[in-house]
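On the provided structure of chain A, position chains B and C as indicated by the hints.
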Amino acid sequence: MSLDIWMRENPLTYVWIGSYAVAMLVFVIEIAMVRHKRTLTLQQVRLIHQAEEE
Amino acid sequence: MAINWFKYSAPTTFYGLAGKLIPWFAIPAAILFAVGLYIGFAVAPMDAQQGEFYRIIFIHVPASMLSMFLYMVMAGYAALGLIFNTRLSSMMASAVAPTGALFAFISLWTGALWGKPMWGAWWVWDARMTSELILLFLYLGFIALHASIDDPRRADRASALLAIVGSVNVPIIYFSVKWWNTLHQGSTIKFSGTSMHIAMQQAMFTMLAACWLYAIAVTLARVRSIILERERHTKWIAELAEVRS
Amino acid sequence: MKKRSLFSLLMLVIRRDLLLALRCRTDVLTTLVFFVMVVSLFPLGVGPETDMLRKIAPGVLWVAALLSSMLSLGRLFSADYLDGTLEQMLLVPQSLSVLVLGKMVAHWMVSGLPLVLLTPVLGLQFDMSVEAIGVLILGLLLGTPVLSMLGAIGAALTLGLRGGGVLLSLLVLPLCIPVLIFGTGAVGAVTAGLNYSSNLSMMGALLVLALTFTPWVAAQALRISME
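Chains as they are written, first to last, in my numbering: chain A, 1 to 54; chain B, 1001 to 1245; chain C, 2001 to 2227.
Next up, chain A with everything else stripped away, as it sits in the complex (with noise of 0.2 Å):
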């Protein structure tokens, strides 16, 4: 498999991209999901104190 031998000549590059990119990936998207849960959140409470409110 092609795969194999890109694998064999390029090692660190198959490191890098395989891992620690995907890792990388991984903690970017779990920051914005936090992000984004905060600011739905945030969203939320405002609309329900302004009802209060009124």
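Warning: the hint list may mix true and false statements.
[Stated by the list, open to error] Computed footprint of chain C on chain B; a stretch qualifies when at least three of its residues, placed anywhere within it, have a C-beta under 8 Å from a C-beta of chain C:
no., segment
1, 1034-1041
2, 1148-1154
3, 1160-1167
4, 1171-1177
[Said to hold, decoys possible] Label pairs and their calculated CB-CB ranges:
no., chain 1, residue 1, chain 2, residue 2, range
5, B, Val1043, A, Arg46, 48 to 54 Å
6, C, Leu2194, A, Ile17, 43 to 49 Å
7, A, Leu12, B, Leu1240, 44 to 50 Å
8, C, Arg2016, B, Met1065, 31 to 37 Å
9, C, Met2226, B, Phe1084, 33 to 39 Å
10, B, Ala1010, A, Glu53, 24 to 30 Å
11, B, Asp1150, C, Val2028, 31 to 37 Å
Hints were generated in silico from the structure; no laboratory data involved. Positions of the beta carbon are idealized from the N, C-alpha and C atoms, including for glycine.
Only chains B and C this time, still in chain A's reference frame:
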């Protein structure tokens, strides 16, 4: 001056504390990641048997260790919440779960990528990898159960019980999978040589510390959203700066 | 109410659940048919080569047993929950754990035990040797109760939830993996001519552990779900 340990055990006070603490964990985490990667790639030498491929361990091993430790942390918080009825403990358990599950995923992914050059196959049912997979299932079960129950109190307590049962089972599962693996002469992902080069050890510890700090930072951030959501009808939330703007 | 010893209470619960199960024979029988069907699917899927079938037989039978018991576990508490009996059970002065244990035993008798009785026939379908079938049956006898007991915890936790049976399976299957490993390992050992007693002793140990802890844990889970 007596330290009031319980001051921050209420969601109201913890919210603010968590917010202040996040940068103290996030920034060192980023720095240590950079340092760890530098040591791991630029300083540590090539391995005799595995060439450059072994460098995957600098993310694989910390991810595995963290996924296992975080499960215990999650179960610990869950148990506290179940026994002492403290809401914040249950919120912390829910906050830890996704991070732990993602670390388990990273561990499995990087383990497979390590396995391919080592054994020629992406997945070889190695005892540790199989246990890691089961751990991921346990995490997903916790998250799924919590998400399926509408009443937050019942959700907290039910998933807490599940987490405790799971944590008791983890050693049994690990032992039985290990036994199963040796019986079937499976491969074990091992490290070449008896001792690791000092730079490899340094890289490993740095990355491990970086992952821990990252996990704490993300968990604190997540628990703030959980607190906001659970306490959304309270007055103290209404008076928060970010809500009033 | 007449004062009952814990043992007679246990017998009462077992008898009641068995009676109820017998009245709804279809539920019990459909689970058994499911078991047979799943087992029959594997040769259809992988081919009729007897050597291979003999090798996969213990695994197939065990996985099928796991899946069938997951299926039938949904029923464990739901009927009583829906008609209010479960609430009454929670108020009983005697130990709830005993009641739960009774339900677990009855569940096993109705779902696990019939599987064990069907195993010789299915084992022959896979051309298993007599010794292999024998060890498989012993393993299933020791292991299916554990499946019922662990499953009861899952059933108690997921009581009345939308996700239902699938969620229950998701929660319980990882916990059942050691039983699966030792059960199939025993058969593997006897086929290879090795000693299988260590596997069976491990299963015995798991059974004792389960008997000791799961009724209480499931009772706690019930209290959590019913509040």
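*Is the gap between the beta carbons of B:Val1043 and A:Arg46 within 48 to 54 Å?*
Since the Cβ atoms of B:Val1043 and A:Arg46 sit about 50 Å apart, the hinted range of 48 to 54 Å holds.
*Given as covered by chain C, does the segment 1171-1177 of chain B meet the bar of three residues or more with CB within less than 8 Å?*
holds (count 5)
*With 33 to 39 Å as the target window, see if C:Met2226 and B:Phe1084 comply at their CB atoms.*
Taking Cβ atoms as reference, C:Met2226 and B:Phe1084 lie about 21 Å apart, which means the hint is violated.
*Does the Cβ distance between C:Arg2016 and B:Met1065 fall inside 31 to 37 Å?*
Hint violated: Cβ distance 49 Å, outside 31 to 37 Å.
*Hint check for C:Val2028 and B:Asp1150 - Cβ pair distance inside 31 to 37 Å*: holds (32 Å)
*Are 3 or more residues of the segment 1034-1041 of chain B near chain C, judged by a Cβ distance of less than 8 Å?*
It is violated: at least three residues are needed, and the segment 1034-1041 of chain B offers just 0 whose Cβ sits closer than 8 Å to chain C.
*Is it true that the C-beta distance of C:Leu2194 to A:Ile17 lies inside 43 to 49 Å, as the hint says?*
holds (45 Å)
*In this structure, is the beta-carbon distance linking B:Ala1010 and A:Glu53 contained in 24 to 30 Å?*
Between B:Ala1010 and A:Glu53, where Cβ atoms are some 25 Å apart, the hint holds.
*Does the Cβ distance between A:Leu12 and B:Leu1240 fall inside 44 to 50 Å?*
holds (48 Å)
*Are there three or more residues in the segment 1160-1167 of chain B whose C-beta lies closer than 8 Å to some C-beta of chain C?*
Our answer is that it holds, as 4 residues pass the Cβ test (under 8 Å) against chain C, meeting three.
*Per-stretch coverage check for the segment 1148-1154 of chain B, three Cβ contacts closer than 8 Å to chain C*: holds (count 4)
In the structure shown, a violation is registered for the earlier hints numbered 1, 8, 9, in ascending order.
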